[in-house]
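Numbering follows the working numbering, in which position 190 of the sequence shown is assigned residue number 190; successive positions increment by one, without gaps.
Careful, some of the hints might be misleading.
What the hints assert, rightly or not - Distance condition first, Cα-Cα at most 30 angstroms in a straight line; then the derived DSS-like pairs of lysine-lysine:
1. K214 to K389
2. K293 to K564
3. K363 to K389
4. K293 to K357
5. K357 to K273
6. K233 to K186
7. K273 to K390
8. K389 to K564
9. K357 to K389
10. K273 to K233
11. K214 to K233
12. K296 to K214
No wet-lab data here; the hints were simulated from the structure.
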Amino acid sequence: MSDIQNQPSNLTDGMHVVVEALLRNGFDTIYGVVGIPVTDLARHAQERGIRYIGFRHEQSAGNAAAITGFLTGKPGICLTVSAPGFLNGLTALATATVNGFPMIQISGSSDRAIIDLQQGDYEGLDQMNVAKTFAKASYRINRPEDIGIGLARAIRAAVSGRPGGVYLDLTTALLGSVIDQAEVEKTLFTVLDPAPKMIPDRQAVDRALDLLSKARKPLVIIGKGAAYAQAEKSIREFLEQTGIPFLPMSMAKGVMPDDHPLSAAAARGLVLKNADVVMLLGARLNWLLAHGKGQKWNPDARFIQLDIEPEEIDSNHPIAAPVVGDIASSMEALLAGLTAYPMTQQNDWLEEIDRVKQVNAAKMEAKLNANPSPMDFFSALKAIRTVLKKHREVYLVNEGANTLDDTRNVINMYSPRKRLDCGTWGVMGVGMGYAIGAAVTSGQQVVCIEGDSAFGFSGMEIETICRYQLPVTIIILNNGGIYNGSHANLGGGTDPSPTTLDAQARYDRLITAFGGTPYYATTPEELEKALEAGIASKKPTLIDCAIDPKAGLESGHIGNLNPKVVGK
Numbered sequence: 001m002s003d004i005q006n007q008p009s010n011l012t013d014g015m016h017v018v019v020e021a022l023l024r025n026g027f028d029t030i031y032g033v034v035g036i037p038v039t040d041l042a043r044h045a046q047e048r049g050i051r052y053i054g055f056r057h058e059q060s061a062g063n064a065a066a067i068t069g070f071l072t073g074k075p076g077i078c079l080t081v082s083a084p085g086f087l088n089g090l091t092a093l094a095t096a097t098v099n100g101f102p103m104i105q106i107s108g109s110s111d112r113a114i115i116d117l118q119q120g121d122y123e124g125l126d127q128m129n130v131a132k133t134f135a136k137a138s139y140r141i142n143r144p145e146d147i148g149i150g151l152a153r154a155i156r157a158a159v160s161g162r163p164g165g166v167y168l169d170l171t172t173a174l175l176g177s178v179i180d181q182a183e184v185e186k187t188l189f190t191v192l193d194p195a196p197k198m199i200p201d202r203q204a205v206d207r208a209l210d211l212l213s214k215a216r217k218p219l220v221i222i223g224k225g226a227a228y229a230q231a232e233k234s235i236r237e238f239l240e241q242t243g244i245p246f247l248p249m250s251m252a253k254g255v256m257p258d259d260h261p262l263s264a265a266a267a268r269g270l271v272l273k274n275a276d277v278v279m280l281l282g283a284r285l286n287w288l289l290a291h292g293k294g295q296k297w298n299p300d301a302r303f304i305q306l307d308i309e310p311e312e313i314d315s316n317h318p319i320a321a322p323v324v325g326d327i328a329s330s331m332e333a334l335l336a337g338l339t340a341y342p343m344t345q346q347n348d349w350l351e352e353i354d355r356v357k358q359v360n361a362a363k364m365e366a367k368l369n370a371n372p373s374p375m376d377f378f379s380a381l382k383a384i385r386t387v388l389k390k391h392r393e394v395y396l397v398n399e400g401a402n403t404l405d406d407t408r409n410v411i412n413m414y415s416p417r418k419r420l421d422c423g424t425w426g427v428m429g430v431g432m433g434y435a436i437g438a439a440v441t442s443g444q445q446v447v448c449i450e451g452d453s454a455f456g457f458s459g460m461e462i463e464t465i466c467r468y469q470l471p472v473t474i475i476i477l478n479n480g481g482i483y484n485g486s487h488a489n490l491g492g493g494t495d496p497s498p499t500t501l502d503a504q505a506r507y508d509r510l511i512t513a514f515g516g517t518p519y520y521a522t523t524p525e526e527l528e529k530a531l532e533a534g535i536a537s538k539k540p541t542l543i544d545c546a547i548d549p550k551a552g553l554e555s556g557h558i559g560n561l562n563p564k565v566v567g568k
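When you get a sec, could you build the whole thing from the sequences and use the hints?
Right under this line is the structure:
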């Protein structure tokens, strides 16, 4: 029997109706920060069995909701207060939209009459219209009888086509409104098939297979859209049948195991420069792939692109064979069409790739085995790699500059949707939110590899991790700076450089304040031992890993994005 039916009178209010609508659609978790006017909404949700995870900052709550959407294919829910709280969550909502993660940010809002005349209300802001610029869709519900429809529209917008963030505005008047229970029952329902299959056109599939079958140096680039689609079985079958090498984008690592013989990750420069036909599988030709242009690319390469969004085709480079449809259906169609377009494995191409992989792997092992004192990124990551090879089931959250770049290159992934990082925008501050979302959603161990700068964006959420006793182990690669901690004040003053943090900071002591387990590591052996203990405990753990302040390159792999400075 529903909550509404259990009410002692024949009346209910907007808050209870919102909770009932969420339950009808299978939502079991809300991430948020409460206050006026949504505190009682969270209490009622918890009373009805929806788990509420309370954060210290709305941006982290939104990031948790976003990564929940990526992992499950169902929108994560973020709940915030009005105006400043709404704005704090908006960064996560925008990031989710750019990344293609389904989430719904629900925020309380002020009196419409006062807001619309700009008369000045408590935390007053026209939130619905502000959100339109940053979200896939933005809606406001003004009447309790529209709550069911309003939530349904948000769900469908979040997961249909290319997923994204949706804003849902709940006015204070709506939350406190009174309505007859019998009338409410007529308005609530379960959304059916919100993300229907999009079957690709047969002619488009044939065109793609024909082009691919004629390639001498083919390449498949796997993007996080393919990871989201949960189509790894058909992707693996297709690649192994055709013998085409693949290059995974960062959050697509594990769709195909990184140690698979067809992986070309260790020969990235070679395959981009020489591939004659490139199939983009849920990947976009944005800045992460140099827009498919320039010195990194074969200027004569022809592209096949599988994407659910028609407008993505030709967005940066002419696409010779567009295949518009959901990734799972498109891969099934490509597999079914292989008999008509037999592929000949290009052994010379694979052997060329393997030669470069071996050379680059040897260079990497030399870095990993150097073992300087104090540690650098590579000696620390070698210790981490040793442990994670034995714990392939863990979720890996990763952010930073050099910390992100080097971890991506060193730590292999073996299962899909296990590597969670900043994604398309490259923003910092997602770490603790993603860690909490992954731990809550999966119930499995999460390991976060964080730069000291990146950790600072959301570090207070270690209290949230401890409060809910989540199985999260955080490793901070602390080199005392943004990029590194050795930069000088060019003006000669006593203030630290703009990129300098405190290399002597003891981040491990922070988690002690909240009841977690601290470790401080200055050698690879100490780091390895601490990580093993943290994973085994299945409890909140933080390892402060002291890295040489001189270690790290400014901007890491994206230094080319810096504006040119006269004299440099």
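Quick rundown of the hints versus the structure:
no.	hint	verdict
1	K214 to K389	38 angstroms, violated
2	K293 to K564	20 angstroms, holds
3	K363 to K389	20 angstroms, holds
4	K293 to K357	23 angstroms, holds
5	K357 to K273	15 angstroms, holds
6	K233 to K186	42 angstroms, violated
7	K273 to K390	35 angstroms, violated
8	K389 to K564	41 angstroms, violated
9	K357 to K389	20 angstroms, holds
10	K273 to K233	29 angstroms, holds
11	K214 to K233	25 angstroms, holds
12	K296 to K214	23 angstroms, holds
Of the hints listed earlier, those the structure fails to meet are numbers 1, 6, 7 and 8, in rising order.
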